[in-house]
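For reference, the chains in residue letters:
2 protein chains.
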Amino acid sequence: MKAYGSLVLFLGFLVLVKVQAGVLDNRIDQFELDESAGEESCNLPDDLRQEIKGYQSIVNKIIGRIVDGEFAGQTWNSLAELVDTFGARLSGSEQLEKAIDYVVDQMQHDQLENVHTENATVPHWVRGYESAQLVAPFKKNLALLGLGTSVGTPRGGIIADVIAVESFKEFEALTVEQVKGKIVVFVPQWESYGKTVVYRSKGASVASKKGAVATLIRSVTPFSIGSPHTGGQDYDEGVKKIPSACITVEDAEMILRKYRRGDRLTIHLEMEDRNLEPFVSRNTIGELVGTTYTNSSVVVVSGHLDSWDVGVGAMDDGGGALISWKALTFLKAMGLRAKRTIRAILWTGEEEGLWGGRAYKEEHKENEKKEFNFFFESDIGTFEPRGLDFTGNKDAECIFREIVKLMSPINATDFETPSDGGPDISHWTTRGFPGASLMNKNEKYFWFHHSAGDSMAVEDPKTLDKCAALWAAAAYVVADLSISMPKDVVD
Amino acid sequence: MKAYGSLVLFLGFLVLVKVQAGVLDNRIDQFELDESAGEESCNLPDDLRQEIKGYQSIVNKIIGRIVDGEFAGQTWNSLAELVDTFGARLSGSEQLEKAIDYVVDQMQHDQLENVHTENATVPHWVRGYESAQLVAPFKKNLALLGLGTSVGTPRGGIIADVIAVESFKEFEALTVEQVKGKIVVFVPQWESYGKTVVYRSKGASVASKKGAVATLIRSVTPFSIGSPHTGGQDYDEGVKKIPSACITVEDAEMILRKYRRGDRLTIHLEMEDRNLEPFVSRNTIGELVGTTYTNSSVVVVSGHLDSWDVGVGAMDDGGGALISWKALTFLKAMGLRAKRTIRAILWTGEEEGLWGGRAYKEEHKENEKKEFNFFFESDIGTFEPRGLDFTGNKDAECIFREIVKLMSPINATDFETPSDGGPDISHWTTRGFPGASLMNKNEKYFWFHHSAGDSMAVEDPKTLDKCAALWAAAAYVVADLSISMPKDVVD
Numbered sequence: 001m002k003a004y005g006s007l008v009l010f011l012g013f014l015v016l017v018k019v020q021a022g023v024l025d026n027r028i029d030q031f032e033l034d035e036s037a038g039e040e041s042c043n044l045p046d047d048l049r050q051e052i053k054g055y056q057s058i059v060n061k062i063i064g065r066i067v068d069g070e071f072a073g074q075t076w077n078s079l080a081e082l083v084d085t086f087g088a089r090l091s092g093s094e095q096l097e098k099a100i101d102y103v104v105d106q107m108q109h110d111q112l113e114n115v116h117t118e119n120a121t122v123p124h125w126v127r128g129y130e131s132a133q134l135v136a137p138f139k140k141n142l143a144l145l146g147l148g149t150s151v152g153t154p155r156g157g158i159i160a161d162v163i164a165v166e167s168f169k170e171f172e173a174l175t176v177e178q179v180k181g182k183i184v185v186f187v188p189q190w191e192s193y194g195k196t197v198v199y200r201s202k203g204a205s206v207a208s209k210k211g212a213v214a215t216l217i218r219s220v221t222p223f224s225i226g227s228p229h230t231g232g233q234d235y236d237e238g239v240k241k242i243p244s245a246c247i248t249v250e251d252a253e254m255i256l257r258k259y260r261r262g263d264r265l266t267i268h269l270e271m272e273d274r275n276l277e278p279f280v281s282r283n284t285i286g287e288l289v290g291t292t293y294t295n296s297s298v299v300v301v302s303g304h305l306d307s308w309d310v311g312v313g314a315m316d317d318g319g320g321a322l323i324s325w326k327a328l329t330f331l332k333a334m335g336l337r338a339k340r341t342i343r344a345i346l347w348t349g350e351e352e353g354l355w356g357g358r359a360y361k362e363e364h365k366e367n368e369k370k371e372f373n374f375f376f377e378s379d380i381g382t383f384e385p386r387g388l389d390f391t392g393n394k395d396a397e398c399i400f401r402e403i404v405k406l407m408s409p410i411n412a413t414d415f416e417t418p419s420d421g422g423p424d425i426s427h428w429t430t431r432g433f434p435g436a437s438l439m440n441k442n443e444k445y446f447w448f449h450h451s452a453g454d455s456m457a458v459e460d461p462k463t464l465d466k467c468a469a470l471w472a473a474a475a476y477v478v479a480d481l482s483i484s485m486p487k488d489v490v491d
Numbered sequence: 001m002k003a004y005g006s007l008v009l010f011l012g013f014l015v016l017v018k019v020q021a022g023v024l025d026n027r028i029d030q031f032e033l034d035e036s037a038g039e040e041s042c043n044l045p046d047d048l049r050q051e052i053k054g055y056q057s058i059v060n061k062i063i064g065r066i067v068d069g070e071f072a073g074q075t076w077n078s079l080a081e082l083v084d085t086f087g088a089r090l091s092g093s094e095q096l097e098k099a100i101d102y103v104v105d106q107m108q109h110d111q112l113e114n115v116h117t118e119n120a121t122v123p124h125w126v127r128g129y130e131s132a133q134l135v136a137p138f139k140k141n142l143a144l145l146g147l148g149t150s151v152g153t154p155r156g157g158i159i160a161d162v163i164a165v166e167s168f169k170e171f172e173a174l175t176v177e178q179v180k181g182k183i184v185v186f187v188p189q190w191e192s193y194g195k196t197v198v199y200r201s202k203g204a205s206v207a208s209k210k211g212a213v214a215t216l217i218r219s220v221t222p223f224s225i226g227s228p229h230t231g232g233q234d235y236d237e238g239v240k241k242i243p244s245a246c247i248t249v250e251d252a253e254m255i256l257r258k259y260r261r262g263d264r265l266t267i268h269l270e271m272e273d274r275n276l277e278p279f280v281s282r283n284t285i286g287e288l289v290g291t292t293y294t295n296s297s298v299v300v301v302s303g304h305l306d307s308w309d310v311g312v313g314a315m316d317d318g319g320g321a322l323i324s325w326k327a328l329t330f331l332k333a334m335g336l337r338a339k340r341t342i343r344a345i346l347w348t349g350e351e352e353g354l355w356g357g358r359a360y361k362e363e364h365k366e367n368e369k370k371e372f373n374f375f376f377e378s379d380i381g382t383f384e385p386r387g388l389d390f391t392g393n394k395d396a397e398c399i400f401r402e403i404v405k406l407m408s409p410i411n412a413t414d415f416e417t418p419s420d421g422g423p424d425i426s427h428w429t430t431r432g433f434p435g436a437s438l439m440n441k442n443e444k445y446f447w448f449h450h451s452a453g454d455s456m457a458v459e460d461p462k463t464l465d466k467c468a469a470l471w472a473a474a475a476y477v478v479a480d481l482s483i484s485m486p487k488d489v490v491d
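Protein sequences, first through last, are from chains A and B.
Oh and the first sequence: position 456 is 456 in our numbering, straight run, nothing missing.
Oh and the second sequence: position 258 is 258 in our numbering, straight run, nothing missing.
Isolated chain A, as found in the complex:
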């Protein structure tokens, strides 16, 4: 009952976040998570506890082979080859589709089973020429990145005076007269991603309602070395769609200081960004078929293959996609096959609003309670792994707590709950399916997120091995247990 109560609470929280931040960003800053409900209330049958403990030697073996054995370094090398060959992988782009074809080939080469793709319709927004220049009181180019779904400016751009504010609250005090025809610059201080991203997601809608002609927003990051960060935004129903882009922390704060000193600032903004017709992309799937269950009680391990179009998406979410794929590759090569099928899904169209996951959910809805046992997702970095972030009912939690303890050889035994379970799998976890997200030492995650800094330089070979090892070991144990994971699914 308690678990159900907290699930309802949690669903309420998610709805709140979605209302605040749009559907594009329901990834919640991990530091805001509630404390765990506590292990003391668990009352696992002793034989089940012993069964789980019995997996320690196999977990040790998996970790040993991936971290110190013949698989060491392979995950990083594969990720480097992927991102060095295809670069960024924006939804709707040729690069993403080529990367999908490549992963299908490679999964087959790795002898994964039932390798295939499943269609998912995704938005097709494209970045065109983008330029912003402060033209008064002095000339300065402003590095910028248009936001996903943003419209462009008319050809030749727009030139307008600036209104700069730190918060929506400060903006509320302004009249339509003051805002009309202006470029509104929002300069929110970083609080957390969950709290601050609303300026990126909703800034254009808020400003447009008072007649602004465009919005420029301080990049949503706690730390900057002059790089703008992109991301999604969405227009409220019925508002005039105005161009919206993020500028650097440095320029945004300079503009706010000058504006507050009484300077009149003028910006020339040109953006050729545009929305094309939706595009049929694909989720990429490979399996290690179970010995007992083949197409039911599946354990999903997942990350998304698409990325924004800046940087190369090595961190968001190349690392998560690679460990999901390679976990199966390594288990297969070790000859380890669990009772249940482990299915790697590399989602498409995550960045524009979880489109790959949504399409997959719809396609697999009819029989979903039978088909799915557990969902893993890695989409908040593959830095040094800390443990797993669980969502599900109390019984599943008590089982999963024991499983996480097995990860002691890589010191990744942290357990937290509740969580959102990761963005793509939230299509299931918010309805009561059990799932877990890879917790890692990702304190710097948002430094690189959606920027030119999202590159192989962020990924460390040894750390990525540990993440892959944790992924393979945890998925194997969940998939091989004598019982399926309990769940209370809300229809």
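Since the hints were made in silico from the structure, they are not lab data.
Fair warning: this is a prediction, and the values are worked out from it, not measured in the lab.
Listed next, the in silico DSS-like pairs over lysine-lysine satisfying Cα-Cα at most 30 angstroms (straight line):
id, chain 1, residue 1, chain 2, residue 2
1, B, Lys140, A, Lys140
2, A, Lys209, A, Lys195
3, B, Lys441, A, Lys441
4, A, Lys140, B, Lys98
5, B, Lys462, A, Lys444
6, B, Lys98, A, Lys139
7, B, Lys444, A, Lys462
8, B, Lys394, B, Lys369
9, A, Lys332, A, Lys365
10, A, Lys339, A, Lys370
A few chain B residues that face chain A, going by a derived Cβ cut-off under 8 angstroms, partial list only:
id, residue
11, Asp84
12, Lys140
13, Glu253
14, Arg257
15, Ser451
All C-beta atoms, glycine included, are put in the ideal place defined by N, C-alpha and C.
With the hints as your guide, set chain B onto chain A.
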């Protein structure tokens, strides 16, 4: 004798660095400094030691007023106003000259004395349109920054295949046949600024000798979020001048990985950078005239006002310039006037090769031993102050050690020696004049250095207050002592 020996050694080291890195970068990574010779060999007369200790109450008062009193926050605000008004201040630019005029006005407003400028001829290199694109095996824009003194490409740019190497040693093994007509990409791993900067300073000369048509170099930084870093370079006598620019760490490493996998890479590089006629700029000077000595035994406090043309030079070296100016402003406002004149000098043309300092040295050479008592310089950041980095003879060192101890109220009592004393004052300190450089917790200095990240976001108001307080207090004590600082000047 020992001091003289280490001075010779130190001069030898400087020469070595200059040979390696060109005259543009003799700023040595602080972490490479030798250990201090030790305090135990000091034998200060007891009355002198007591005299210095007697300054503790006045030091406390200076620090109190600047850090916690009415001056708190003023240094940061003044720096913000300077960089927000004039932006970057490249040698030869209108912005730098306007900034100099502004500082002259402000120094007069602050009632500094003998406010004036002194001419210094500086190079006049300008950045034009710059673009680099990887055109094969796939298209990718490469963020780049041309290097000071680099020539441009022909109009329309050059398209050439890539040779990528990690080191000069690796490059040595290549033949003229292999290099001729290629763009050479140098991808040195960061070791330290002193060790790694040689690729930026000399890469073009090294590559040109084997017939390369251009060089692109991994930015000289230990950490990146997708930002290129500029800086100076110089051509060896007689080499064909080829365009040279830095690209991001991320792109450079990607290129090296692809090259090593056997990919054929082609880059289209266009740079309209060019060298114009030298320009007469100005060092900016203000004083607090001494009660006993007016134009002799001067204590100089200094930083440079020019910057590179990316970011706004808030860190390099707006902070150093501001604390030098404001130290005098605050002492004057407190009614503190020392026996000796304290002279703030805001150097010009530092970034292109210490031109402001060089011109000043030449102009003041005739009577320099009498004119100058001590040189302070801040040009390695104004983060949390740690103490002072001393260069000079043993007697001066022993006196200075006692002075540094007075900085305990802001926990800035670290003392190190030998050092290079800072780039601009090295015109004097390398010849035996005593001087000191502001040591601070600048572990992240090179993250921002010469990049778009060099902004007010790097500077903290409270920390800048502490630096200004240390600067004012140390300069005051040196200027007010009963004896001048001992020196052994090499003619």
